[in-house]
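Guided by the hints, dock chain B onto chain A, whose structure is given.
These protein sequence lines map, in sequence, to chains A and B.
For the first sequence, the numbering used here assigns the number 1 to the initial residue and increments by one for each residue that follows.
For the second sequence, the numbering used here assigns the number 336 to the initial residue and increments by one for each residue that follows.
In short, the hints are calculated from the structure, not lab data.
Fair warning: there could be bad hints in the mix.
Below, in silico cross-link-like pairs of lysine to aspartate or glutamate (EDC-like), each with a Cα-Cα straight-line distance of 16 Å or less [said to hold, decoys possible]:
| id | chain 1 | residue 1 | chain 2 | residue 2 |
| --- | --- | --- | --- | --- |
| 1 | A | Lys199 | B | Glu818 |
| 2 | B | Lys819 | A | Asp136 |
| 3 | B | Lys644 | A | Asp223 |
| 4 | B | Lys337 | B | Asp405 |
| 5 | A | Lys249 | B | Asp702 |
| 6 | B | Lys337 | B | Asp583 |
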Amino acid sequence: MSEGSQVDLETIQSEALQAIESASDASGLELVRVGVLGKKGSLKQILRSLGQLPPEQRASFGARANVVKDTVEAALAAARERLGGPSAASATSGGIAQTDVTLPGRVPHRGSRHPVQLVASRMINIFGNLGFQVADGPEVEDEWHNFTGLNIPVDHIARDPAENFFLEDDLLMRSQTSTVQVRVMESTPPPLRIISPGKVFRPDTVDATHSYMFNQLEGLVIDEEMNFGHLKATLLSFFQQLLQEEGMKLRLRPSFFPFTEPSAEVDLFWRGDWMEMGGCGMVDPNVLEAVGIDPEKWTGFAFGLGIERVAMASYNIPDIRYLYENDVRFLQQFS
Amino acid sequence: MKVSLDWLRDHVEMDLPVEDVAYKLTMCGLNCEAIEAHGTDHVLELEVTSNRPDHLGHRGVARELACILDVPLKPLALDFPEIAKDTVGNALDEVTSIEVDDDDRCGRYTARVAFDVDVGASPAWLIRRLEAIGQRSINIVVDLTNYVLMDLGQPLHAFDLDLIEGPEMIVRRALRGEHFDAIDGTELELDSDDLVIADSSRAVALAGVMGGAQTEVSGTTRRILLESAWFDPVPVRETSRRLGLTSDSSHRFERRVDVDGADIASRRFFHLLCRETDGKVLAGCMETTRDGLLATPPAVALRPQRIEKILGVAVPIEEMNSILLALGFERVSESASESHWAAPSWRADCTREIDLIEEIGRIYGLDRVPDRSMHVRVIPEDQQALLIERTKSLLEGTGHHEALTFSFGEEGALKDLEEWWCIGDPWVVRNPVRVNEGVLRRSLLPGLLSCVRGNRLHGVDRVRLFEVARVFHRRDGIDRPVEKLHLAWVHSIHDPVAGADPCREIRGIADAVLEMLRLDNSARSSMTWNPVSGGSGMLPETAAALDLSSERLGLLGAVCIDGVSGETWCGEMDLGTLIDHAEFRHRYSEFSRYPGVRRDLNIVVEETVLWRDISSEVESAQLDHFEELTFVDVYQGKQVPKGQKSVTFSMAFRASDRSLTREEVDESIDGLMQRLESRFQAQLRT
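Pulled out of the complex, with its shape left as it was, chain A reads as follows (with noise of 0.2 Å):
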């Protein structure tokens, strides 16, 4: 230690008196000076370690610093006659005559997040809180995942190729994230408890609340006691931890899917209107034999949200199309 001190305290001078006498102005002296004599300087670092040395050693290597102090401030004076640089006076309170300290910052860029996958994060956090699993499934999907095990029959409308982007053979972009309920139903036995995030396809118009490609978030639970009134807790807790505002209001309104029954759609009460976020319903015994779960034994709930429709109505966006444009302007205020 004593010993690599002392190379130190060499370097440190030497190094010093070099740079400074290849400095060219003021303010290159100035970063010698606060670099070696500042408060963090390179000598001050090192007079710090003095308690570390064994006592006998501690004056004589204070001497030594004090020399090398003595000798780089007076290396630094001689610099600044030759320079004509300002006095030592107005060195020591910075060295530069003018500083504006009410200037704004310089401030790094900041990226951002995509507000969809902002509100899409939000949502897998609170189901996470609620114990669902994220399981995820592929963009592209075959007709038994995307209709037949989800018991859509094969004249049903929703097949229709003029309501789907199909693919190769039976492949096709899927129309709804309930497939991976399908593939998570096949893969693992009950009890389940998962939401899959993920986009969705359909060849829809676009226009200021449409798009053919959308984000879902789908969710399954599948235990041996579980009931509408679950399900209806379930949606109730997640939005009032969404959205934490007073007022809101959530209704199941009755409605037609073929993998639920009951089914509902979620309707939202929110800053004056109903809102259709999505929807719910009981797991169709079908879907449930179709995958080799016993539906006397085990029942379920499902529900989809879109993505899209909490984020515009989080962030007040009146157009679906802005999400896809990614415009800088739009993305920053995302930040």
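Same frame as chain A, now just chain B:
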């Protein structure tokens, strides 16, 4: 569907404000989207779900209300006088007959005939009803067909019997290319998949979709033939779609009308015709019905404890019974543990216990079901999601805005970039609606770069975007797309600042991500960045690839975007595969608390020598106490000979047990210089 409140009152006695009616209907599954005043009447815009064709008529909606309000549905008058022979002495079977050639598509066809019909204007009540729901009055016969359709949901069609050629009505497939003039004025060319009603010489109606112009009922019509039929839903939908022709009839047939409804609607029409005109009805009905169509479906068992298991509430037996009875279900048998129910003919959707439970639930009121909490469940931490989240945070923290682009797009100018990632053909949408929906992306960059272009053309001078999303690759032997999670990032600047090095900035993002992921040793040691000579879509001499053995994991470079000035640099990595190699754990390892020595080295080499090779040479020298190698600068210019460059790098040395001396390090440096000299002819720059 538009529903008139006064019209509903024709079927059910009620004294409720319109808002209450709307709310009650909404909460039993008939969502009321709007209420409009129409004179003293109100019109509700109801959203009818595809499983409930019975709601496509006022009586079906009224039945729902009667059930909710617990009041009876008024009976429907169907009687009318029948006359055995017409004015010239012909009975029904002498004026017409029915032949159904295709009973797969036409399950039931009924025809009745009236004569001496005076086709005049409709009475005021009829006009009022039709106008309330936005229909125009035409004449009494046409208006009554429309009225019955909107009342009972059963489409009817009246032909001018005197314009029908030959007595026989034939239900057959159209001939390929057969011509048909629809009643709305469109001229159609039919296909052999279409079903028509024909007389002896031509098609007079497109089954289930629209009647023909040539046999239309008009003011001069005296004899009418009324068709009331049941057509199979799917072919009607297909014909309607192919021809781009929809009607109130096709809308109902394709949702499956009540199989029993054909005769009831026909009777209702003639009841009203006889009530409102002097027309006379020939006795009897010509009818053909497919075997089994009218068969009663098996009764459905219903267990009260199952209702409670699904709904979470014990609905009293009496309430359950009265709901089902009011909806038209018939109790076939009953025991202590279950009852058996036959669904009415208009409820083909109710074939299982769960269907009955839904009926009970929605009428009982889903809002009456008490909330139930689920038991607590702890979920395992999802490390992949955590790493994706950290990657996004890193990009966000370095000034990038997250973008959301489409999973498919147009095969465009950046095809090379897509093919660099996947040589196999792209997956293609078979029936794209727009050109930009054609091809599933193999790379995220084309979509992201098109957003960059949009931004730059809109005057945003500096654009930093990133996206984490899936791409779709084709692999031999796999019959569906391989979906891979990619990360892409872009930096486009109108006016690059002097001294800024966007190439290294783009690379820096990649390095930061790789460092953050803490890749396993085998991946780290066999992963290299290599120059890409061509065919990557990047500008020449700008592209670098991240290779793991022969696997392509990343691509960086500059691109030229049409119409966009300045510089655009971008990068893309196979984030999913990288995460597979991530060793996600933090673990403390001992570090030396002794001071080390840092040495800068400035060497001159041929300009073609790559940093990749210099650095790997330094690493492989395994110098004593070597800790870290840092690139400092590369310089080409007056100070070094042409064709050469000077490369400055800094090396840190540190011992774990003592302070290092410069002399110890000097030895290592001398050895290293010898290696660099023999490998690259490197010289120390003086």
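Exercise for review: Could you work out which earlier hints the structure fails to respect and list their numbers in ascending sequence?
Suggested key: 4
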